[in-house]
Amino acid sequence: MDRTSSSSIPVAASGRSFVPDARIPGGPIEQKWAKAKFEMRLVNPANKRKYKVIVVGSGLAGGAAAATLAELGYDVACFCFQDSPRRAHSIAAQGGINAAKNYQNDGDSVHRLFYDTVKGGDFRAREANVHRLAEVSVDIIDQCAAMGVPFAREYGGTLANRSFGGAQVSRTFYARGQTGQQLLLGVYSALSRQIGAGKVRMFSRTEMLDVVVDNGRAVGIIVRDLVTGEISSHAAHAVVLATGGYGNVFFLSTNAKGCNVTSTYRAFKRGAGFANPCFTQIHPTCIPVSGDYQSKLTLMSESLRNDGRVWVPRKASDCKLHPDKIADEDRDYYLERKYPSFGNLSPRDIASRAAKEQCDDGRGVGPGGRGVYLDFRDAIARDGEDRVREKYGNLFDMYERITGENPYRVPMRIYPAVHYTMGGLWVDYHLQTTIPGLFCLGEANFSDHGANRLGASALMQGLADGYFIISYTLGHYLAGVASSSLTSSTAPAFADAERAVKQRLDRLMAVKGNRSVDSFHKELGQVLWEDCGMARTKGSLEHALTAIPKLREQFWRDVSILGGRDSFNQSLEKAGRVADFLEFAELMCKDALVREESCGGHYRVEHQVEGEAKRDDQNFCHVAVWEHTGDETPPARHTEPLAFENVKLATRSYK
Amino acid sequence: MSDSHEELDLTLHVWRQPDRAAPGKMVAYKVTGVSTHASFLEMLDILNEQLVARGEEPVAFDHDCREGICGMCSLMINGRPHGGMRATTTCQLHMRFFKNGDEIWIEPWRAHAFPVIKDLCVDRTAFDKVISIGGFVSANCGSAPDANDLLVPKEAADRAMDAAACIGCGACVAACPNGSAMLFVAAKLSHLHHLPQGQPERLARTGAMVSAMDEAGFGACSNHYECEAACPKDISRDVIAELNRDYARSAFVHRERANKADGSG
Chain A
0 MDRTSSSSIP VAASGRSFVP DARIPGGPIE QKWAKAKFEM RLVNPANKRK YKVIVVGSGL
60 AGGAAAATLA ELGYDVACFC FQDSPRRAHS IAAQGGINAA KNYQNDGDSV HRLFYDTVKG
120 GDFRAREANV HRLAEVSVDI IDQCAAMGVP FAREYGGTLA NRSFGGAQVS RTFYARGQTG
180 QQLLLGVYSA LSRQIGAGKV RMFSRTEMLD VVVDNGRAVG IIVRDLVTGE ISSHAAHAVV
240 LATGGYGNVF FLSTNAKGCN VTSTYRAFKR GAGFANPCFT QIHPTCIPVS GDYQSKLTLM
300 SESLRNDGRV WVPRKASDCK LHPDKIADED RDYYLERKYP SFGNLSPRDI ASRAAKEQCD
360 DGRGVGPGGR GVYLDFRDAI ARDGEDRVRE KYGNLFDMYE RITGENPYRV PMRIYPAVHY
420 TMGGLWVDYH LQTTIPGLFC LGEANFSDHG ANRLGASALM QGLADGYFII SYTLGHYLAG
480 VASSSLTSST APAFADAERA VKQRLDRLMA VKGNRSVDSF HKELGQVLWE DCGMARTKGS
540 LEHALTAIPK LREQFWRDVS ILGGRDSFNQ SLEKAGRVAD FLEFAELMCK DALVREESCG
600 GHYRVEHQVE GEAKRDDQNF CHVAVWEHTG DETPPARHTE PLAFENVKLA TRSYK
Chain B
0 MSDSHEELDL TLHVWRQPDR AAPGKMVAYK VTGVSTHASF LEMLDILNEQ LVARGEEPVA
60 FDHDCREGIC GMCSLMINGR PHGGMRATTT CQLHMRFFKN GDEIWIEPWR AHAFPVIKDL
120 CVDRTAFDKV ISIGGFVSAN CGSAPDANDL LVPKEAADRA MDAAACIGCG ACVAACPNGS
180 AMLFVAAKLS HLHHLPQGQP ERLARTGAMV SAMDEAGFGA CSNHYECEAA CPKDISRDVI
240 AELNRDYARS AFVHRERANK ADGSG
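Chains as they are written, first to last, in numbering that gives the first Met the number 0: chain A, 0 to 654; chain B, 0 to 264.
Hints were generated in silico from the structure; no laboratory data involved. Beta carbons are placed, not taken as given, at the ideal position from N, Cα and C, and that holds for glycine. Worth double-checking, as some hints may not be accurate.
[Unchecked claim] Quick list of in silico lysine to any residue cross-link-like pairs, SDA-like style, CA-CA up to 25 Å:
1) K573(A) <-> I45(B)
2) K573(A) <-> E48(B)
3) K511(A) <-> L50(B)
4) K153(B) <-> S470(A)
5) K128(B) <-> G197(A)
6) K511(A) <-> V136(B)
7) K521(A) <-> E55(B)
8) K47(A) <-> I28(A)
9) K198(A) <-> N139(B)
10) K654(A) <-> K589(A)
11) K153(B) <-> N101(A)
12) K521(A) <-> N147(B)
13) K36(A) <-> E48(B)
14) K521(A) <-> A52(B)
15) K198(A) <-> K654(A)
16) K521(A) <-> N139(B)
17) K511(A) <-> A52(B)
18) K128(B) <-> E229(A)
19) K47(A) <-> S470(A)
20) K153(B) <-> K128(B)
21) K98(B) <-> S294(A)
[Said to hold, decoys possible] Going by beta-carbon spacing under 8 Å, a handful of chain B positions derived as facing chain A:
22) M25
23) A27
24) Y28
25) V30
26) S34
27) P57
28) H62
29) G70
30) Q91
31) P114
32) D127
33) I130
34) E200
35) L202
36) A240
[Unchecked claim] Not the full set, but computed from the structure, chain A residues with beta-carbon under 7 Å of chain B:
37) T67
38) T157
39) V226
40) T227
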C-alpha cells in the first residue's frame with residue numbers, strides 16, 4: 000500500500016476495502032489464463048438464453064462481445080449512439096494490430112510481446128493481464144482472417160507484417176491504412192449475423208445515461224433515444240461497458256466527435272472505481288492545428304515512421320526556409336540522434352515529448368512554429384514513389400486533402416495530439432469493475448497499457464477483451480446468479496435512476512444562457528492542454544484545479560441549449576457529455592497532481608533526468624483507483640499495488 | 000496549410016425539417032469569416048455557432064470521425080453527394096475549393112429508403128438490415144484455423160480490399176435516380192467473394208442480400224453508374240457486374256433446390 004492513501008482507505012460496509020481483490024490466478028504467468036479458464040464456472044447451453052446481457056458500445060470490444068455472447072446463446076441487447084454499429088470509433092484506427100505470430104521468423108513470441116507491452120507501458124500495467132493479451136493475440140488474427148478481414152498479403156498468399164513503435168520485431172498485421180475499419184467491419188458482420196438471427200437486439204442512436212445498481216450489483220441501464228428523446232430503462236443480469244476513451248475531454252483530439260466519458264463517468268458516480276485517469280496518450284504524428292475553427296485533429300498513422308524520417312532544422316534561423324533549401328548537415332534528425340536503436344520508431348510518449356522539446360527550443364516549423372517534418376524524401380529515393388504510394392497512398396491523400404500540400408514533394412508537417420487514454424474504469428482479471436455485474440472492456444478500462452500504449456495494441460486489446468475474454472469471465476459471473484433474479488425495469492432502483500436522468504436533462508434545458516456548448520468545451524480543452532497535456536507541473540495542475548470548477552459553474556449558469564428535450568437535439572447530447580467532461584477533468588488533474596513521478600504519457604516536469612521520464616517505483620508502483628464519495632465531498636484515492644515478477648522493473652531505454 | 004489564410008462570406012441554402020413527419024423547406028443563411036482551411040463541416044460548425052448566438056436552433060447534421068472513414072457524414076452539396084469532389088467525403092471537403100460570395104445548397108440524402116429524421120440527418124438503418132441478412136461469413140468465434148493455413152493470393156486480397164473500403168455512407172443511393180443500393184450491396188459481396196472465406200455461402204448470400212435490398216425499399220439498378228461517380232471511396236461499378244453474374248447463378252441454384260424439395264415432398 001502506498002503512503003499517500005493507506006491511512007485513509009475507507010472501508011465499505013461489508014468490511015472490504017474499496018478495491019476488491021484483482022482475482023489474478025496463482026502459478027507461473029504462462030499458465031494463469033489456462034488455469035483461470037479451467038476453473039471458471041460454466042452456464043449450461045440450455046440455460047444461457049435465460050440470461051440477459053447488456054453491451055454498451057459497438058466497437059471492437061463491444062461489438063465483438065455482443066456477437067460472441069450471442070453466439071454462445073445469451074440474450075443480448077447492444078446499444079450505440081451512432082446511427083449504425085458499423086461507425087464506432089475503432090473504425091478510425093489506421094496502422095495495424097499486433098500479434099505474436101512470429102510469421103516473420105524474427106524472434107517474436109508471446110513472451111516478447113508481453114515484455115514489450117509491459118516495458119512500453121512504463122511498468123504501470125498488470126503483468127497477468129498483459130500476458131493474457133499477448134497469448135490471445137494469435138487467436139485474434141486467426142478469427143479475423145476466418146471472417147474475411149482482407150489483411151495485406153505477400154505474393155505467396157501468406158499474411159504480411161509491418162513494424163510499429165516500441166518493438167524491434169515485425170508483428171503488426173494490417174489492411175492498407177484502414178486496419179481499424181476492416182477489423183470493425185468484421186466485428187460488425189458477426190454482430191449483424193446475430194442481429195439477423197434475432198439473438199441480439201440492437202439499439203442504435205441510443206445513448207446510455209446511467210447505470211442502475213441494486214443491492215450492490217449492476218442490474219441495467221437508463222438510455223435516451225436520440226431521435227425521439229424518450230428515456231427508457233433496460234434490465235439485465237449483467238452490464239458490459241465498452242464505450243471507448245475520454246480523449247475528447249481535451250476538445251481537440253484524434254477521437255471522433257461523439258467520443259465521450261459519459262458511460263464510464265456515470266458508472267464511477269454509481270460506485271465503479273476509476274483507475275489512472277491521468278494516463279493519457281499524446282500521439283506524435285498528427286496534422287498540426289491550423290486555426291481556432293478547428294474541430295478535431297487528424298492522425299497520420301505511426302506506420303509512416305517505418306519509412307518517414309522526423310527532423311527539424313538545426314538552426315532556428317532556418318525554420319522559415321523551404322525544407323528543400325536546408326542541407327542534410329543542417330537538419331537535426333533528433334529521434335535518430337537521441338534514440339539510435341529505435342530511432343524514428345521510438346514509443347509514442349517519447350517521440351511526442353521530443354517533438355515538443357524541439358519546438359520549445361524554437362526550431363519548430365510551420366505556422367506558429369508548432370510542427371516537425373516527417374520526410375519521405377529518402378524512402379522515395381530508395382524504393383520509388385510507387386512503392387511508397389502502395390504502402391501509404393491513402394494517408395498521403397488524406398494529408399493532401401486537409402493541408403493542400405503534396406507530401407510526395409514537400410515533407411509532411413506533424414505535431415503531437417491527444418489520441419488515446421490508458422486510464423479507465425478499474426477492472427479485475429475478469430474485467431469486472433468494482434461493481435459486481437458491471438464489466439468494462441477495451442479502451443474504456445485501464446488494464447493493459449499502463450502509462451503508455453504501444454502502437455497497434457488498441458485493436459488487439461479491444462478484440463481480445465470482446466472475442467476471447469469476456470465470453471469466459473461473464474459466464475463465470477452469470478453461473479453464480481440465478482436467472483430468475485432479473486430486476487424488473489419498473490423496480491424502484493430503475494425509477495429512481497430514470498428520474499435522476501430526466502431531472503439532469505431538465506436542469507440543462509432550463510439554464511437558457513448565452514454561450515454555446517462548444518465554446519465551453521473548447522475552453523476546457525485549452526485549460527487541459529496547457530496544464531495537463533504533454534508536460535505537467537504542480538503549479539499547472541493546481542491552476543487547472545482552480546479553473547475547471549469555475550468553468551463548470553459558468554457552464555451551468557450560461558450554457559445555451561436550443562430545441563427540446565423530447566426530440567432529436569444534438570446540442571443537448573453534446574451538453575450532457577460536456578457536463579460530464581467538466582467534472583471528469585478535475586478527477587484527471589487530481590490524479591496527475593498526486594502522482595509525483597513521471598511515467599509513460601504522464602510527464603511531471605519536476606521528475607526527470609535530462610528530459611527523460613523518472614519513475615518513482617518506491618512510492619508509485621501502483622494503480623490509483625478513485626472512488627466517488629458524493630457530489631460535495633472529494634473523491635478518495637485508493638491503490639492496487641503492482642508486482643513485477645516476470646519483467647524486471649527497470650528504467651526504460653530506447654537508446 | 001500554408002500561411003495564406005483567406006476568409007469567405009457565403010450564402011447557404013439549408014434544408015430545415017423539424018422531424019420525420021413535418022414538411023421541410025430550404026432556408027437561406029449568411030455565414031461570415033470562414034477560413035479557407037476549414038473543412039465543410041467546420042463551416043457548418045461556424046454557422047451553428049452564429050445561429051446559437053442569435054438564439055436560433057442550430058442545423059442538425061450527422062458527423063463523427065471527421066476523417067473520412069466512419070461514413071456518418073452525408074449531405075448533398077449543390078446537388079452532388081459529398082460535394083462531388085472525387086473520392087472525398089463531406090468531412091474531408093475543404094473550403095479552399097469555394098470562393099468568396101458563393102451560394103451553396105445543402106440538402107439531406109434523398110431516397111425512399113432513407114427517410115429524413117431532422118434537417119440534414121437521415122435514417123440509414125436499411126443498410127444494416129441488408130447486411131444482417133447475409134453480409135458476413137458464418138464463422139463463430141473460436142472456430143478459426145491458423146490464419147496462414149488459408150493462403151489468399153495477393154491480387155485477390157487487394158481486390159477484396161478495394162471493395163471492402165466502402166464506408167456505408169449512402170452516397171451511392173443518394174446519387175442514383177432510382178434510389179438503388181446496388182453499389183453498396185455489390186461492394187460487400189465483392190469483398191467477401193474475392194476471398195476463399197466467402198465461397199461456401201456465396202450464392203445464398205447473393206440471393207438473400209439482393210432480396211433484402213428490394214424489401215428495404217431501395218430501387219432497382221438501371222446502370223446509370225451515378226453511384227460510382229459519387230462514391231467517396233472510389234468503388235468501381237465492376238462490382239455490380241460481379242453481383243449480377245452471381246445473382247443469375249443463385250437464381251438457378253435456388254430453382255434447382257426448390258425442384259428437389261418438390262420431388263422429395
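Here is what the structure says about each hint:
| no. | hint | verdict |
| --- | --- | --- |
| 1 | K573(A) <-> I45(B) | 16 Å, holds |
| 2 | K573(A) <-> E48(B) | 14 Å, holds |
| 3 | K511(A) <-> L50(B) | 15 Å, holds |
| 4 | K153(B) <-> S470(A) | 34 Å, violated |
| 5 | K128(B) <-> G197(A) | 12 Å, holds |
| 6 | K511(A) <-> V136(B) | 51 Å, violated |
| 7 | K521(A) <-> E55(B) | 21 Å, holds |
| 8 | K47(A) <-> I28(A) | 31 Å, violated |
| 9 | K198(A) <-> N139(B) | 13 Å, holds |
| 10 | K654(A) <-> K589(A) | 32 Å, violated |
| 11 | K153(B) <-> N101(A) | 20 Å, holds |
| 12 | K521(A) <-> N147(B) | 48 Å, violated |
| 13 | K36(A) <-> E48(B) | 53 Å, violated |
| 14 | K521(A) <-> A52(B) | 16 Å, holds |
| 15 | K198(A) <-> K654(A) | 52 Å, violated |
| 16 | K521(A) <-> N139(B) | 44 Å, violated |
| 17 | K511(A) <-> A52(B) | 12 Å, holds |
| 18 | K128(B) <-> E229(A) | 23 Å, holds |
| 19 | K47(A) <-> S470(A) | 12 Å, holds |
| 20 | K153(B) <-> K128(B) | 31 Å, violated |
| 21 | K98(B) <-> S294(A) | 22 Å, holds |
| 22 | M25 | 19 Å, violated |
| 23 | A27 | 19 Å, violated |
| 24 | Y28 | 15 Å, violated |
| 25 | V30 | 11 Å, violated |
| 26 | S34 | 5 Å, holds |
| 27 | P57 | 6 Å, holds |
| 28 | H62 | 6 Å, holds |
| 29 | G70 | 6 Å, holds |
| 30 | Q91 | 5 Å, holds |
| 31 | P114 | 11 Å, violated |
| 32 | D127 | 5 Å, holds |
| 33 | I130 | 5 Å, holds |
| 34 | E200 | 10 Å, violated |
| 35 | L202 | 16 Å, violated |
| 36 | A240 | 20 Å, violated |
| 37 | T67 | 5 Å, holds |
| 38 | T157 | 5 Å, holds |
| 39 | V226 | 6 Å, holds |
| 40 | T227 | 9 Å, violated |
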